[in-house]
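Chains as they are written, first to last, in my numbering: chain W, 1 to 384; chain E, 1 to 96.
The set of hints was computed from the structure by calculation and includes no laboratory data.
Every residue, glycine too, gets a C-beta built ideally from N, C-alpha and C.
Take the hints with a grain of salt, since some may be wrong.
[What the hints assert, rightly or not] In silico BS3-like pairs for lysine-lysine, Cα to Cα no more than 30 Å straight-line:
(1) W:Lys218 x E:Lys26
(2) E:Lys85 x W:Lys201
(3) E:Lys20 x E:Lys5
(4) E:Lys5 x E:Lys41
(5) W:Lys218 x E:Lys63
(6) E:Lys5 x E:Lys73
(7) W:Lys201 x E:Lys20
(8) W:Lys201 x E:Lys26
(9) E:Lys5 x W:Lys201
(10) W:Lys16 x E:Lys20
(11) W:Lys218 x W:Lys310
(12) E:Lys73 x W:Lys218
[Claimed, not checked] According to the in silico footprint, chain W covers these stretches of chain E (three or more CB under 8 Å from chain W):
(13) 2-9
(14) 13-19
So the chains spell out like this:
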Amino acid sequence: MIVAKTGNEALAFAMKQINPDVVAAYPITPSTEIVQIFSQYVHDGLVDSEFVAVESEHSAMAACIGAAACGCRTMTATASQGLALMHEMLFIAAGLRLPIVMAVASRSLSSPLNIHGDHSDSFASRDSGWLQFFCETVQEGYDSLIQAVKIAERASLPAIVAVDGFILSHCMERLEAFEDAKVRSWLGRWQPNWNLLDWRKPILVGPATMQDYYFEFKRSQIEGMNRSLPIIEEVQAEFAREFGRGYGVIEEYRTEDATAVVLLMGSACGTMREAVDSLRAAGEKVGMVKLRVFRPLPHPILSKTLARFKTVAVMDRADAVNSYGGPLYTEVTSLLYNLPQRPTVLSYVYGLGGKEFTPDDAAEVLRGALAGTKPELVTYVGVR
Amino acid sequence: MARLKSWRELPCGAIIDDPKAVLENKTGAWRSQRPVWNREKCINCLICWIYCPDSAIMVVDGKHQGINYVYCKGCGNCAAVCPKKVQAITMEQERK
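Could you put together the complete structure from these sequences and hints?
Structure below.
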């Protein structure tokens with residue numbers, strides 16, 4: 001079925017098809033429509049979900065944790081300040097290994113107040129223990145949300161699926177949607193390992209641990225994240241077999257014989273493809289590497305791929321405020337540091353607060369990557 | 001003391017699937033105030049039994065049998081919910 005939908009409409013539609021047991025959410029721009037449209041599905045009886053209209057994002061995540069602990073397939077959506085308000089609950093969801101799936105319409109953080117797209121919100125949640133997927137298109141957001149349910153449940157980890165605020169959340173694209181029944185049968189029922197409401201098998205959830213056990217539980221949780229990469233690849237393969245669209249954890253675009261590439265995430269990959277095409281037409285050996293999965297960081301694939309090039313320009317749609325380069329940049333340089341031969345890596349920060357990132361800007365980054373050096377550690381693209 | 005488990009042996013999500021595990025945790029040592037129960041005044045309404053967070057109110061055949069000081073951590077909920085006209089439980093300073 002081919003339809004025209006905005007990112008928010010597509011994510012809400014995916015949620016309808018997933019038919020989660022519980023959705024607890026609070027509205028915030030630019031993700032509001034996801035749950036607004038979903039609440040209409042609830043009203044119209046198109047889903048079986050229990051919709052909990054809570055009083056804040058903190059409560060939304062708390063309700064999601066409670067529902068998931070009771071064995072419910074649970075989803076929510078948020079952005080920006082809402083994700084920031086959930087912050088402490090994110091760690092609890094991950095520590096309890098609850099496969100909550102959350103759509104995020106990526107947005108900047110105040111102050112100054114700004115409702116437009118950048119990755120500051122998800123990056124600030126980096127160490128909370130959630131899987132994080134970044135999407136280039138509305139189609140990818142729709143596909144990723146469906147995949148995320150299966151990945152999260154198989155890995156016993158919560159997952160964020162991020163689409164860039166406004167750029168994807170509010171722009172209409174062509175969407176190839178599946179049949180409800182096909183999505184539901186592909187996902188099947190979630191069989192949780194435990195369920196707080198199972199009175200025949202009483203358990204304690206969320207115990208206190210002291211110096212003797214806290215670190216061991218965290219080590220176990222870290223292992224859960226370490227082992228999630230093959231699960232993601234497995235689910236992506238199953239998805240491709242069933243629905244005919246394949247995704248990798250990274251994607252290379254025109255990297256054959258390239259000397260310089262740009263690594264980035266999200267909707268700007270589309271802009272970068274245009275720029276790569278125009279520089280290629282002028283005979284330049286440039287390409288793009290798109291990173292789809294930020295957590296778990298796909299160590300082996302990413303380092304093996306990036307090591308092939310002379311220069312890698314890493315683009316961050318968030319800043320780490322006086323860190324040695326943007327947040328993704330520092331991860332990439334750490335990843336490559338111990339390799340015997342490593343590329344030159346350049347840091348670019350772009351598009352904060354939705355600042356426009358044009359094909360000309362993208363071409364400028366590619367030319368910088370070809371040059372291989374630049375005067376400053378971090379280049380702030382398009383800042384006056 | 002039992003051998004401490006390695007991280008590889010721990011249940012996913014830190015759930016405790018053996019409810020008896022709490023028996024090993026003698027929370028009575030935390031107490032700074034001690035509830036003292038008066039058998040003569042008690043009317044066996046068992047409201048304290050409902051409210052006690054540590055199941056430290058001992059009951060046999062629907063009759064109050066006193067307080068289990070091995071687990072009672074002295075929160076005072078039982079004294080607070082004991083009906084005003086009854087006041088069968090009073091809190092006293094714990095002497096160590």
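Quick rundown of the hints versus the structure:
1. Using a Cα cut-off of 30 Å, the hinted pair W:Lys218 and E:Lys26 holds, with the two alpha carbons roughly 25 Å apart.
2. The hinted pair formed by E:Lys85 and W:Lys201 fails the criterion: a straight-line CA distance of about 40 Å is larger than 30 Å.
3. A threshold of 30 Å between alpha carbons decides the hint, and for E:Lys20 with E:Lys5 the separation of about 17 Å falls inside it, so the pair holds.
4. Proximity of E:Lys5 to E:Lys41 is assessed by CA-CA distance (about 48 Å); at most 30 Å being required, the pair is judged violated.
5. A distance of roughly 45 Å separates the Cα atoms of W:Lys218 and E:Lys63; the hinted pair therefore is violated under the 30 Å criterion.
6. For a cut-off of 30 Å, the pair hint linking E:Lys5 to E:Lys73 stands: about 27 Å separates their Cα positions.
7. Among the hinted pairs, W:Lys201 with E:Lys20 is consistent with the structure: their alpha-carbon atoms are about 12 Å apart, no more than 30 Å.
8. Pair hint W:Lys201 plus E:Lys26 holds up; C-alpha atoms about 23 Å apart against a cutoff of 30 Å.
9. In summary, the hint linking E:Lys5 to W:Lys201 is supported, as the alpha carbons are separated by about 23 Å, within the 30 Å threshold.
10. Restraint check for W:Lys16 and E:Lys20: the C-alpha separation of about 42 Å exceeds 30 Å, so the hint is violated.
11. Distance restraint check for W:Lys218 and W:Lys310: the Cα-Cα separation of roughly 38 Å exceeds the 30 Å cut-off, and the hinted pair is therefore not satisfied.
12. Our distance criterion of 30 Å between C-alpha atoms is met by E:Lys73 and W:Lys218, whose separation comes to about 29 Å.
13. Taking a C-beta to C-beta cut-off of 8 Å, the region 2-9 of chain E contributes 5 residues in contact with chain W, enough for the three needed, and the coverage statement holds.
14. Only residues whose C-beta sits within less than 8 Å of a C-beta in chain W count toward coverage, and the region 13-19 of chain E has 6 of them, enough to reach three; the restraint holds.
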